[in-house]
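Use the sequences and the hints to build the structure in full.
Heads up: the protein sequence lines correspond to chains U and X, in order.
The working numbering numbers the first residue of the first sequence as 32 and each following residue consecutively.
The working numbering numbers the first residue of the second sequence as 94 and each following residue consecutively.
For the record, the hints were derived by calculation from the structure and aren't laboratory data.
Fair warning: there could be bad hints in the mix.
Under the rule of at most 20 Å between Cα atoms (straight-line distance), these lysine to aspartate or glutamate pairs were calculated in the EDC-like manner [claimed, not checked]: (1) U:109 - U:126; (2) X:223 - U:46; (3) U:203 - U:46; (4) X:229 - U:247; (5) U:51 - X:187; (6) U:51 - X:376; (7) X:368 - X:312; (8) X:354 - X:327.
A few chain X residues that don't get close to chain U, going by computed Cβ distances all over 10 Å [as the list claims (entries may be wrong)]: (9) 97; (10) 174; (11) 194; (12) 199; (13) 220; (14) 226; (15) 265; (16) 274.
Idealized CB from N, CA, C, for every residue including glycine.
Here's the letter readout for the chains.
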Amino acid sequence: MSGKLRAVVRREYVERVRTKAFLIGTVLGPLLMASFMIVPMLAGRAGAKVLRVAVLDRLGTLGPALEDGLRATRFDAKPRFDVQTAQESPAAEREAALKAAVLEQRLDGYIAIPEDGLATGTASYYGRNVSNLADLRTMERVVGDVFVAHRLTGAGLDPTRIRDLTRGANLKTIRLSAAGEREDRGDAFILSIVLMMILYTTILMWGQLVMTSVIEEKTSRVVEVLASGVPSTQLLWGKLLGVGAAGVTQFLVWALSLFVLSFQGLAVGGFKMPEIGPLVLVSFVLFFLLGFLFYASLYASIGAAVNTVQEAQNFVFPVIMPLIIGMVCFPAVLESPDGGLAVGLSMVPFLTPLIMFLRIVVLTPPWWQIGLSFALLVLAIAGAVWAAARIYRVGILMYGKKPTFPELVKWVRHS
Amino acid sequence: MNDNAIVLKGIGKAFSGHVAVRDLSLEVPRTSVFGLLGPNGAGKTTTLRMVMDILGPDSGTIEILGQPADHAARDRVGYMPEERGLYPRMVLEEQLVFMAAIKGIARKEALRRLSPWLERMGLAEWRKRKTNELSKGMQQKAQFVATVLHEPEVLIMDEPMSGLDPVGMDVMRDVMLDLRRRGATIVLSSHQMESVEKLCDRVALINRGEKVLDGSVAEVKSRHGKNTVALAFEGDGSFIESLPGVARVTDFGQYVEVRLKDGADPQPLLHEAAKRLRLRRFEIVEPSLHDIFVETVTRDGKEAA
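Shown next as structure tokens:
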């Protein structure tokens with residue numbers, strides 16, 4: 032690396048890493064990750080407040096069974112419901128009393144079984160809060176079980192025996208790959224989406240940063256001094272490598288904290304981190320770098336061509352359009368990662384960083400496909416940097432009117 | 094060995110139909126102070142940018158220090174653009190070391206050279222401060238340090254005096270002359286000819302992208318003869334313009350420079366002025382570059398018309 036290039040890389044990296052934004056992003060990233068994993072876990076426990084309920088049985092035959100059923104319901108080895116036993120009193124009177132109790136917050140709610148409840152298979156829950164879906168589903172299941180048991184007994188059958196005989200099956204999914212086999216309960220799916228989202232946002236974020244830094248150099252007029260010392264291609268490469276290295280640094284910090292987190296707190300909650308294979312890890316960093324280089328060089332050309340960040344917005348849209356298309360296509364790619372659409376999209380340099388990565392996460396594509404997509408992407412990067420360097424050379428001294436696309440093409444061809 | 098620091102041969106540059114520089118040839122001798130002078134929009138900045146390869150010339154060739162201009166040759170040149178530019182949020186020291194590094198100077202070496210320069214320019218205590226905390230004048234000085242830190246053999250400065258206060262101008266002039274004594278060649282552009290005229294050994298006057306005249310300052314002046322009278326006085330000097338033998342008057346209020354017609358005798362002017370004004374000075378002098386420029390441009394304009 033020539034001394035000039037090293038100087039530019041060093042400056043970009045050091046200045047970037049020293050900013051508050053970088054510090055906040057680097058520290059906040061793992062904190063956010065941790066909170067995403069730990070908070071729901073804690074919330075799940077803290078939210079497990081025992082629900083005070085009662086049963087209003089207009090049918091007159093299911094009350095005690097339902098009360099017992101609710102009492103027997105457990106979550107995390109703790110009773111889920113605090114069931115208040117019904118008093119012997121006329122239903123209408125009792126309903127008024129229950130309503131009052133709910134409104135006065137002595138009770139959280141009550142389940143009413145209508146007279147035709149068993150025949151129609153319906154019951155109602157009255158409560159102040161009816162958005163606690165998990166609790167509602169649980170109560171629905173308990174009521175259903177009680178109904179079924181009652182009907183079975185009525186037909187002269189033994190409910191316990193029937194339940195034993197009609198137990199369904201649990202289809203385990205085991206992912207087979209060259210690396211071996213392991214059980215997978217949708218972890219790969221979630222992981223692939225999460226990682227792709229991270230790729231998408233970071234590529235755009237760091238790319239934008241290159242653009243604003245070019246615009247800043249233009250507004251502060253440093254660029255003329257730079258251009259008198261460093262050839263524009265080296266200047267551009269220095270910028271890309273320096274900012275890219277800052278991005279990778281941030282990832283390394285994140286990866287390290289994720290690694291530590293997965294050992295410390297996460298095993299306790301029973302949350303199993305899906306295993307991230309070395310191939311996924313390597314391709315994540317590689318695709319970030321390549322995707323970043325590609326998009327950042329496009330962003331750099333935009334930065335060189337315009338005068339303000341506002342002006343840049345018009346040009347930015349066509350650039351990020353393909354990325355958005357990639358995001359829209361990802362369910363189809365996940366559905367059949369070896370299908371024609373997925374293979375085709377993963378070969379388009381604009382989309383390779385996202386789609387090929389996605390395919391690698393969910394199933395290892397043939398090596399030739401990975402190789403080809405890499406080769407195409409690298410070629411595209413070379414082309415983008417070449418064009419960007421030319422736009423850079425013309426554009427950095429252009430102040431005033433912002434150029435049109437045809438003018439940009441002219442810059443590339445004539446400089 | 095070639096004794097020219099910079100040689101331009103027939104360079105031209107046009108921007109979408111408008112010709113900025115036309116067939117310009119210049120020779121800048123080594124260890125001289127060379128002034129590229131002309132009004133705003135004459136093509137000075139475009140010319141200097143072409144020398145620094147910030148703009149590519151449409152035609153012509155450029156030689157720096159005896160070799161065709163390339164990156165290695167340009168590393169021996171320091172360039173201070175008209176639009177000063179420093180990274181606003183960078184620490185001064187880092188900034189200057191970076192500027193030297195892109196000219197090929199190692200960090201350690203740049204750091205070693207930095208202290209004396211900061212001392213000299215009065216920036217020593219600002220070394221660890223961010224650039225946007227510096228005043229405009231200090232930023233100007235910092236820019237100058239950035240231009241010379243890599244010890245260039247040739248200094249190209251676009252309007253180096255603009256924006257400086259009188260003290261700053263003195264410092265700048267001292268440093269420039271000092272650098273020349275140590276063997277550097279200095280090329281500077283200016284549209285205020287009087288502010289640099291005394292500094293330059295050689296000048297080139299350009300107008301509308303074309304060279305009007307060039308040569309050593311003494312040569313240029315003697316070519317235009319000693320037919321200028323400097324007059325300092327008290328009173329109303331407006332009548333001077335209408336005296337016979339007077340070609341043109343540059344009026345500064347209580348001081349005028351009178352350009353006489355070719356072969357005209359200054360004596361009648363002296364008599365008339367002494368009669369009507371309280372004279373403090375009457376001196377036959379060489380014409381100023383400003384006058385020579387205006388005269389040449391208007392004469393050429395008339396010839397063309």
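Review point. Does the structure keep residue 354 of chain X and residue 327 of chain X at a Cα separation of 20 Å or less?
Key: Violated. Residue 354 of chain X to residue 327 of chain X sits at ~25 Å, over the 20 Å cutoff.
**Study point:** Hinted pair residue 229 of chain X and residue 247 of chain U, Cα distance within 20 Å
**Key:** Roughly 18 Å between the alpha carbons, so the hint for residue 229 of chain X and residue 247 of chain U holds.
Review point. Has the given pair, residue 109 of chain U with residue 126 of chain U, been kept, meaning a C-alpha gap of at most 20 Å?
Key: Violated - the C-alpha atoms of residue 126 of chain U and residue 109 of chain U are around 29 Å apart, more than 20 Å.
Review point. Between residue 51 of chain U and residue 187 of chain X, does the CA-CA distance stay at or below 20 Å?
Key: This hinted pair holds, its Cα atoms lying about 18 Å apart.
Review point. Hey, does residue 97 of chain X actually stay past 10 Å from chain U on C-beta?
Key: The assertion about residue 97 of chain X holds, with a minimum of 20 Å to chain U.
Check your understanding: Keeping to a limit of 20 Å between CA atoms, is the pair of residue 203 of chain U and residue 46 of chain U held or broken?
Key -> 51 Å, violated
Check your understanding: Taking 10 Å as the cut and beta carbons as the points, is residue 194 of chain X off the interface with chain U?
Key -> Per Cβ check, residue 194 of chain X is inside 10 Å of chain U; nearest 3 Å; violated.
Exercise for review: Could you check that no beta carbon of chain U comes within 10 Å of the beta carbon of residue 274 of chain X?
Suggested key: Consistent with the label, residue 274 of chain X stays out of reach of chain U, its closest Cβ about 25 Å off (over 10 Å).
Review point. Taking only the CA atoms, is the gap from residue 223 of chain X to residue 46 of chain U under or equal to 20 Å?
Key: 12 Å, holds
Point to revise | Assertion that residue 220 of chain X lies outside the chain U interface [Cβ separation over 10 Å] | key: Holds, because the least Cβ-Cβ distance between residue 220 of chain X and chain U comes to about 17 Å, which exceeds 10 Å.
Point to revise | Proposed proximity, residue 312 of chain X with residue 368 of chain X (alpha carbon, max 20 Å) | key: 35 Å, violated
Exercise for review: Please settle this one: residue 174 of chain X was flagged as non-interface, so is its CB more than 10 Å from every CB on chain U?
Suggested key: 4 Å, violated
When each numbered hint is compared with the structure, violations occur for hints 1, 3, 6, 7, 8, 10, 11, 12.
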